[in-house]
Amino acid sequence: MKRTGAEVFIECLYNEKVEVIFGFPGGAVLQIYDELFGSEIKHILTRHEQAAAHAADAYARSTGKTGVCLVTSGPGATNTVTGIATAYMDSIPMVVFTGQVPTPMIGNDAFQEADIVGITRPVTKHNYLVKDVDDLPRVLKEAFYIASTGRPGPVVVDLPKDIMSAKTDRPYPNKVQLKGYNPTYSGHLGQIKKVAQEIVKAKRPVLYTGGGVIISGCHKELLKLAELTRIPVTNTLLGLGGFPGTNPLFLGMLGMHGTWYANNAITDSDLIIAIGARFDDRVTGKISEFAPHAKIIHIDIDPSSISKNVKVDLPIVGDAKNVLAELNKELKQLKAPPQTRDWLTKIEQWKKEHPLKYNKKSGKIKPQFVVEELYRITKGEAIITTEVGQNQMWAAQFYKFANPRSFLSSGGLGTIGYGFPAAIGAQMGNPDRVVIDIAGDGSFQMNLQELITVVQYRLPVKVAILNNRFLGMVRQWQQLFFNKRYSSTCIHCAPDFVKLAEAFGAVGLRAEKPEEVAPVIEQALNTNKPVVMDFRVDPEENVAPMVPAGGALKDMILV
Amino acid sequence: MRHSISVLVENQFGVLARIAGLFSGRGFNIDSLSVGETIDPDVSRMTIVVRGDDRILEQVMKQLNKLINVIRVVDLSKEEHVGRELVLVKVVANQRDRAEILSITDIFRGKIVDVGPETYTIEITGDENKIKALINLLVPFGIKEIARTGRVCMGRGSKSIKV
Ligand SMILES: Cc1ncc(C[n+]2csc(CCOP(=O)(O)OP(=O)(O)O)c2C)c(N)n1
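Chains Y and X, in that order, are what the protein sequence lines are. Numbering-wise, our numbering puts 308 at position 308 of the first sequence, and it's gapless, one number per residue. In our numbering, each residue's number is its place in the second sequence (first place is 1) plus 1000.
None of these hints come from the bench; they were simulated from the model. A hint or two may mislead.
Per the computed footprint, the stretches of chain Y lying under chain X, defined by three or more beta-carbons under 8 Å from a beta-carbon of chain X, are [to be verified]:
#1 117-127
#2 168-181
Pairs of lysine to any residue residues, derived as SDA-like cross-links and limited to a Cα-Cα distance of at most 25 Å, are as follows [unchecked claim]:
#3 Y/K179 to X/M1154
#4 Y/K179 to X/D1075
#5 Y/K179 to X/D1042
#6 X/K1062 to Y/I119
#7 Y/K141 to X/L1016
#8 X/K1162 to Y/L314
#9 X/K1066 to Y/R47
#10 X/K1062 to Y/R282
#11 Y/K379 to Y/K131
#12 Y/K131 to X/A1017
#13 Y/K308 to X/R1072
#14 Y/K141 to X/Q1012
#15 Y/K175 to X/L1022
#16 X/K1066 to Y/D280
#17 Y/K179 to X/L1076
#18 X/K1078 to Y/V176
#19 Y/K311 to X/S1077
#20 Y/K131 to X/E1010
#21 X/K1078 to Y/L314
#22 X/K1062 to Y/W350
#23 X/K1062 to Y/V176
#24 Y/K400 to Y/Q479
#25 Y/K131 to X/K1062
#26 Y/K311 to X/E1010
#27 Y/K311 to X/P1041
#28 Y/K346 to Y/E198
#29 X/K1066 to Y/P173
#30 Y/K308 to X/D1042
#31 X/K1062 to Y/K2
#32 Y/K17 to Y/L178
#33 Y/K141 to X/D1053
#34 Y/K286 to X/D1053
#35 Y/K311 to X/K1162
#36 Y/K179 to X/P1041
If we take Cβ atoms under 10 Å as the criterion, some of the chain X residues that face chain Y in the derived model are [unchecked claim]:
#37 F1013
#38 G1014
#39 P1041
#40 V1043
From a predicted model like this one, the values you see are computed outputs, not experimental measurements. The beta-carbon is built from N, C-alpha and C at its ideal position, and this holds for glycine as well.
Working from the sequences, and respecting the hints, build out all of it.
In structure tokens:
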């Protein structure tokens, strides 16, 4: 049957079981918006295209489904670039549809023309410009397939206006055929057997796990592996939630602002088992001194991650869920008793020696205390989004995550302004869960226009601003490495966040003393309206401990 | 070390940009790149000459493989192979030098493909050493222009790189 491009687009959304898309209209996507008008697809109108992209990203992170975003050509498309790059760095399945000028005008510097395929090439897993409506059904199918399989990532599909009104009778395919794309899902059995042998031999092993655990959904297999072998687990920032935060085998996060004991464990380890993690520089510190005594096993779906930064002794390419299931089977057959008792005793001592801590008797609201209270009151069950900077690190350190897909944070790109629009996407995907953006006062101002979006769609998102009146993390570096010269990081000139929230029709609450923190949180959680909480925290509190840039993990400064 | 990599790609617009962008974005050095259709018009073959140690090369191969439009990647430097380049050289050819240039061209099994009042254009095919040697001999006459295709390679014997 002949349908227009715009009709094929809607057909695609139904076929791919898309329930909600995030977007912002304009001239080049009028036909699509007209089709959406009568459809059952929910469309969330954000107030900036960057926010639409972040919301789609967080929808994906929190549900495991592919996030979808729709914007117009030119500025609409370029506004999504930060959101696309954010999703790319963190391997998030997302499809971004951009309008484009009509095909005969492409290349003529037409009104609102931007070469978005060229612009996004380095920050997408793949991208398409559709030049013939007969290609459209296949391209749409491929876009969703590529975004969500293998190592996931964002795909951009650029849709010229004339293609949306042109007609085709090509059916929407139910299979894709891609000569050059065939991800490996099951790990090599021989390699898995070797890994099992290494594990039973190891005296000081550590499981170092990242976002891949969340993506592949292998948290149960990971828990089983850790408990079977009694191997302690440390998470990367994106790995948080992949292992229960309260489990005695948990070491917290590793790396620059990780725990002292996690970093110690890595440095002393004789076997690192990396799962869905990519040895990022914020994790490894000085690479030549990373885990100097350890054999390194790396399980990852992306072969290019293996031996990119750190030389790997035993690689396994595959989906972590399949690999861990096989590995657990293998280990059970070996029936070798765990040998990690001394190792765990040592780690227990380290935990006691230098736990994460802050001054609890200052009389001021400490930002860490706010996060601890959020944790206590939500019992670790909330979905937490963060901005970037100190707020992000304190959230990672002090909120103990019980579940995967509950910590949504821009890890690779480190995008401030991510957390609040992300909360919109997370709430859309999880209407029954509490969603809290742990924010900094600086970051929140980067996408605060989205307050009207949460009000319009009655999303009960909560924002907890750790208001230190600084671009705190940058200030911390200026304090430590630039002699306290606070160049452009003091943001005392700030809006009244309570009044601001009220102006948008949301609820604004403020806490100025430690004893006000819990009541403010309780009050926020007891309303089903969106709430902005302004916590006036100690302005010059620092994130500790810390590995100085370029330093080795063992050189962590405790302060 | 220099490596010659053969890459089979889907013959679609934008593929060259993806590959060029990959090299520039990740800081890999390309010495030369040549591309042309294979017997299957949907598939093109590229030969990319890159410089780097084993670690860099491993990343180059993996990153190329990661591109959706890339079908196969083979490092031909790891096996017996032939490599050739075609070069056009426009060299100053005065009456008194013409005979000598001709005989040099002959010795290198090149061809004069164009003759002007003051120039010869020489076509030469060969491996790197041969081309370098010829160019060195021509420099004293005055080279006005040079155009090179970049290296193309193929493994020796009956093995072949297929989709
Ligand atoms: C888009 C963007 N611009 C700049 C930065 C650099 N940056 C990193 S952390 C940070 C401070 C953010 O300040 P605030 O939101 O108040 O958070 P705090 O560190 O005080 O918790 C900045 C500016 C960034 N990460 N992203």
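Pair hint outcome, X/K1066 versus Y/D280 [Cα-Cα no greater than 25 Å]:
holds, 19 Å
Straight-line alpha-carbon gap Y/K175 to X/L1022, limit 25 Å:
violated, 29 Å
For the pair we were handed, X/K1078 and Y/L314, check the Cα-Cα distance against 25 Å.
Satisfied, since the Cα-Cα distance of roughly 23 Å is no more than 25 Å.
Would you mind confirming whether the straight-line C-alpha gap from Y/K311 to X/K1162 stays at or under 25 Å?
With a Cα-Cα distance of about 31 Å, the restraint between Y/K311 and X/K1162 is violated, given a limit of 25 Å.
Tell me if the straight-line CA distance from Y/K311 to X/S1077 falls inside 25 Å.
Within the cut-off at roughly 23 Å; holds.
Given the hinted pair X/K1062 and Y/R282, is their Cα-Cα distance within 25 Å?
Given that 25 Å is the threshold and the Cα spacing comes to 23 Å, the pair holds.
Tell me if the straight-line CA distance from Y/K131 to X/A1017 falls inside 25 Å.
Within the cut-off at roughly 17 Å; holds.
Taking only the CA atoms, is the gap from Y/K141 to X/D1053 under or equal to 25 Å?
Given that 25 Å is the threshold and the Cα spacing comes to 39 Å, the pair is violated.
Does X/K1078 pair with Y/V176 here, judged by a C-alpha cut-off of 25 Å?
violated, 34 Å
Hinted pair Y/K311 and X/P1041, Cα distance within 25 Å
violated, 40 Å
Taking only the CA atoms, is the gap from Y/K17 to Y/L178 under or equal to 25 Å?
holds, 22 Å
Under the criterion that the straight-line Cα-Cα distance not exceed 25 Å, is the pair Y/K131, X/E1010 satisfied?
Holds, at roughly 17 Å.
Consistency note: the structure conflicts with the earlier hints numbered 8, 9, 11, 15, 18, 22, 24, 25, 26, 27, 30, 31, 33, 35 and 39.
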